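Line order of the protein sequences matches chains A and B. In terms of UniProt numbering, the first sequence opens at residue 1 and continues consecutively. In terms of UniProt numbering, the second sequence opens at residue 1 and continues consecutively.
Since the hints were derived computationally from the structure, they do not count as laboratory data. Since the model is a prediction, treat every value here as computed from it, not as a measurement. No residue lacks a Cβ here, since even glycine has one placed at the ideal position from N, Cα and C. Each hint should be verified, as a subset may be incorrect.
Stated by the list, open to error - Subject to a maximum C-alpha distance of 27 Å in a straight line, what follows is the list of computed DSSO-like cross-link-like pairs (lysine-lysine): (1) A:K379 x A:K278; (2) A:K251 x A:K531; (3) B:K131 x B:K57; (4) A:K192 x A:K223; (5) A:K531 x A:K552; (6) A:K368 x A:K379; (7) A:K134 x A:K278; (8) B:K144 x B:K71; (9) A:K251 x B:K131; (10) A:K251 x A:K216; (11) B:K150 x A:K322; (12) B:K94 x B:K57; (13) A:K223 x A:K251; (14) B:K144 x B:K41; (15) B:K150 x B:K69; (16) B:K131 x A:K470; (17) A:K216 x B:K71; (18) B:K69 x A:K322; (19) A:K351 x A:K223; (20) A:K552 x A:K391; (21) B:K71 x A:K322; (22) A:K391 x A:K379; (23) A:K531 x B:K131; (24) A:K251 x B:K150.
As the list claims (entries may be wrong) - Part of the chain B face toward chain A, derived, beta carbon under 7 Å: (25) P75; (26) E76; (27) I77; (28) E79; (29) K153; (30) T155; (31) V156; (32) G157.
Stated by the list, open to error - Covered stretches of chain A, going by a simulated chain B footprint (3 or more residues, C-beta under 8 Å): (33) 235-248; (34) 256-270; (35) 484-495.
Here is how the chains run, residue by residue.
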Amino acid sequence: MAIRRRDFLRGSAVAAASVVLPRLARGAEAASIYDIERFGNARILHTTDTHAQLNPVYFREPSINIGIGEMAGRPPHLVARAFLEHFGIRPDSADAYAFTSVEFEKSAGRFGKLGGFAHLKTLIDRLRNDVGEKRAMLVDGGDLWQGTGLANVMHGRDMVEVANLLGIEAMTGHWEFTYGEQALRDNLEHFKGEFLAQNVFLTEEAAFNDAPAFDKASGRVFKPSIIKELSGHRVAIIGQAFPYVPIAHPKRFTPDWTFGIREEELQTHVDALRGTDKVDAIILLSHNGMDVDLKLASRVTGIDVILGGHTHDAVPQPIAVKNPGGTTLVTNAGSNGKFLAVLDLALDKGKVSDVRYHLLPVYSELLKPDPAMAELIGKLRAPYVTDWSEKIATPDRLLYRRDNFAGPVDELICTALRNELDAEIALSPGFRWGVTALSGQPITMEDVLAETAITYPETYVQEMTGAEIKDVLEDICDNLFNADPYHQQGGDMVRAGGLSYACSPASAIGSRISDLKLDNGRAISASHRYKVAGWASVNGQQGAAVWDVVAKHLRSGRMFQERLGSGVTLKGVDGNPGIAG
Amino acid sequence: MTTTTGTHPTRRLILQGAASVALIGLGNLPFVPARAAANDKYPEEAFKLKNEADAIKALYGRTAEPSDKIKLDAPEIAENGGVVPMSVTTTLDKVTSISFFVAENPNALAASYKLPEGTIPAVANRLKMAKTSNVTAIVEADGKLYSATKEVKVTVGGCGG
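Please model the complete structure; the sequences and the hints are all you need to start from.
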């Protein structure tokens, strides 16, 4: 791969980020981007939102990720050129390819796929060995068990085995909960690390019925934290699960549990770790999402670093947030196994005196896959891979999902739903996982599953009035753009097929969505009833699984229809650096 | 503190240690007042009013001032708008009543508790909310009125990333 190597050499001008230093040029070998200067006396390695992608993937970062109000124009709401300028990354470099959507297709050919657990394993072992076993630990922020057909049929059990071989010592969760309590507990029986969640409690009814809990007195279902000794210092890791599991997903998966941000319970726990347990550092392993973490960091005191996930933001440098007790650093480490975060701490008695942070892209072509992990992945995939390897279509354009409002993957799903279920309008959830497929390369059932594999995949067709459709759009849009991050759930806007509308993200709920039209240009009437198809409903549905509907559509030789409507027209956000220029 | 009975916990609530309690649902759900103490009249008028300010005035005859001595605990986003758990505790002295108002509900006054002397000022209940709304707790202490407010979001849900 001589050409590739040269590309990395030219491109690695800004390969490693640090809190205090600008990203610096590296010399010689391309793989030397993984030579990190020794710093401090403890190293925490962090993966998050890998979405069970066992093998390396293409994944295009968003070109639209709008921040509103206080969140406007600050990370993570910077995309493309604005992102590169803010973080001092050279366009045309490998990092520009890893962190942004700029010239994605061109760069995909040069720099190849990212991630993959065998490659991650090689990199993690190397970074552990660099500092010594007693000075390093590996944590995962959740969304580890979901995102592929394999993880779905195995209820995440494949990822437990992978996590054990990788050496994950602590994790928290989000999609992990969508397998239901029994599957979650069965998996945790086999998990060698700790599953941490300070913000999951028994409902009053479940507590009354003596449901199992880590701590019956408080009703906490899981252990809230662990203390790990690193270089003779005590480091506490607190888990923060996704706060809105029973709202974002069907409540039937977690009927006995209640979630929430639980700021006060967190503060009480932090104070106890400082006061009673005399820890030297406190890390929050969070699945809140970055905007929520930034707000939380300004209100809860005593946390040194929040290692964040959920919103899939690949942010090269931590954001320092002041609060009444000092400063908390907030990070977010991207998705799909593309990145490994390296947090080096200089620990003193009772405090963290300094920090270095690197968010390393996992360039699969620069890392030799770990043989034991490659073997395990092969063994796990073997029973299913043949069934899913049939080529069912060859896209004539780049297929990606991430962007606030739309993407070709979801356009394809909406087209399939409308055609196969004979509906005027289709709605598809704004998930942020799901990999990217290059134009002209065949896709398989495994690829379709990587965009759709959830435990509530049933499709539906129902009649909705124009007013109801607008209300749904308003409600979901508010989850994305509410001025208060605590009222956001993460994820992107629901995708609409056969329907165009205008959106004004900076307005209030009820007045963001306007000008709704069918593809034929006719305005949506508030009282008229429309036939709407969809999937991933939080209410129980009976229709065929969405992946079968999509596959049927693709097998029929159809893919995209020519887009007739105007899609989503944005208003009032001109010049927002969360929109690629 | 509270126990619930029947299949509609929001509609039936028996409160120990409180002299008067009533919950109001949405629309035309019936009021279910608990036994009122001999000298306390059920505040029928206040429960009927739509508007929060009117209801506060009808119940207490004056306005409240915000206080950081009241802790109103309610979720940021309700997991089920039909039963939203919320509680009030306060470090104020001589508390004689605690009331809950949901501004956007059809009738703003949701529950009102009278606390006999010597009662620990802590009340927890579940309220039904039709949509996103400010929730206000009013505490009457030593003859004065204090308040704390928090917005609770009610959403159709779905679409987590």
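Taking the hints in turn, this is what the structure says about them:
1. Between the alpha carbons of K379 (chain A) and K278 (chain A) the distance comes to roughly 44 Å, so the proposed pair goes past 27 Å and is violated.
2. At most 27 Å may separate the alpha-carbon atoms for a hinted pair to count; K251 (chain A) and K531 (chain A) meet this at roughly 26 Å.
3. Among the hinted pairs, K131 (chain B) with K57 (chain B) is consistent with the structure: their alpha-carbon atoms are about 24 Å apart, no more than 27 Å.
4. Between K192 (chain A) and K223 (chain A) the alpha-carbon distance is near 14 Å, which keeps this suggested pair within the 27 Å criterion.
5. Proximity of K531 (chain A) to K552 (chain A) is assessed by CA-CA distance (about 20 Å); at most 27 Å being required, the pair is judged to hold.
6. The suggested pairing of K368 (chain A) with K379 (chain A) holds, with an alpha-carbon distance near 19 Å, which does not exceed 27 Å.
7. The straight-line distance between the Cα atoms of K134 (chain A) and K278 (chain A) is roughly 20 Å, inside the 27 Å bound, and the hint therefore holds.
8. For a cut-off of 27 Å, the pair hint linking K144 (chain B) to K71 (chain B) stands: about 17 Å separates their Cα positions.
9. Simply put, K251 (chain A) and K131 (chain B) have alpha-carbon atoms about 19 Å apart, close enough for the 27 Å limit, and the pair holds.
10. A distance of roughly 22 Å separates the Cα atoms of K251 (chain A) and K216 (chain A); the hinted pair therefore holds under the 27 Å criterion.
11. Among the hinted pairs, K150 (chain B) with K322 (chain A) is consistent with the structure: their alpha-carbon atoms are about 24 Å apart, no more than 27 Å.
12. For the proposed pair K94 (chain B) and K57 (chain B), the alpha carbon gap of about 21 Å is at most 27 Å, so the pair holds.
13. Between K223 (chain A) and K251 (chain A) the CA atoms are separated by roughly 22 Å; this keeps the pair inside 27 Å, and the hint holds.
14. The straight-line distance between the Cα atoms of K144 (chain B) and K41 (chain B) is roughly 20 Å, inside the 27 Å bound, and the hint therefore holds.
15. Between K150 (chain B) and K69 (chain B) the alpha-carbon distance is near 14 Å, which keeps this suggested pair within the 27 Å criterion.
16. Distance hint between K131 (chain B) and K470 (chain A) is fulfilled; the C-alpha atoms sit about 16 Å from each other, no more than 27 Å.
17. Distance check on the hinted pair: K216 (chain A) and K71 (chain B) sit about 24 Å apart at the alpha-carbon level, within 27 Å; holds.
18. Only pairs whose Cα atoms come within 27 Å are accepted, and K69 (chain B) paired with K322 (chain A) is accepted, the gap being roughly 25 Å.
19. Proposed proximity of K351 (chain A) and K223 (chain A) is supported: the alpha carbons are some 24 Å apart, at most 27 Å.
20. Among the hinted pairs, K552 (chain A) with K391 (chain A) is consistent with the structure: their alpha-carbon atoms are about 13 Å apart, no more than 27 Å.
21. Straight-line distance between C-alpha atoms of K71 (chain B) and K322 (chain A) comes to about 24 Å, which keeps the hinted pair within the 27 Å bound.
22. In summary, the hint linking K391 (chain A) to K379 (chain A) is supported, as the alpha carbons are separated by about 22 Å, within the 27 Å threshold.
23. Among the hinted pairs, K531 (chain A) with K131 (chain B) is consistent with the structure: their alpha-carbon atoms are about 26 Å apart, no more than 27 Å.
24. Taking the CA atoms of K251 (chain A) and K150 (chain B), the gap is near 24 Å; set against the 27 Å cutoff, the hint holds.
25. Residue-level restraint check for P75 (chain B) holds (minimum Cβ-Cβ distance to chain A is 5 Å; threshold 7 Å).
26. Hint status for E76 (chain B): holds, given a least beta-carbon distance of 4 Å to chain A, under 7 Å.
27. Restraint check, I77 (chain B) versus chain A: the minimum CB separation of about 6 Å is within 7 Å; hint holds.
28. The interface hint given for E79 (chain B) holds, since its Cβ lies 5 Å from the closest Cβ of chain A, which is under the 7 Å cut-off.
29. With 7 Å as the threshold, the beta carbon of K153 (chain B) comes within range of chain A, its nearest partner Cβ sitting at about 5 Å, so the hint holds.
30. Given the 7 Å rule on beta carbons, the hint for T155 (chain B) holds: about 6 Å separates it from the nearest Cβ of chain A.
31. Interface hint status for V156 (chain B): upheld, as the beta-carbon distance to the closest one in chain A is roughly 5 Å, under 7 Å.
32. For G157 (chain B), the suggested interface contact is upheld, since its CB lies about 4 Å from the closest CB of chain A, less than 7 Å.
33. With 7 residues carrying a beta carbon less than 8 Å from a beta carbon of chain B, the segment 235-248 of chain A meets the three-residue requirement, and the given coverage holds.
34. For a cut-off of 8 Å, the count of residues in the segment 256-270 of chain A with a CB near a CB of chain B stands at 5, and the three-residue condition holds.
35. A count of 8 residues in the segment 484-495 of chain A with a Cβ less than 8 Å from any Cβ of chain B is obtained; the coverage claim is therefore met, three being the minimum.
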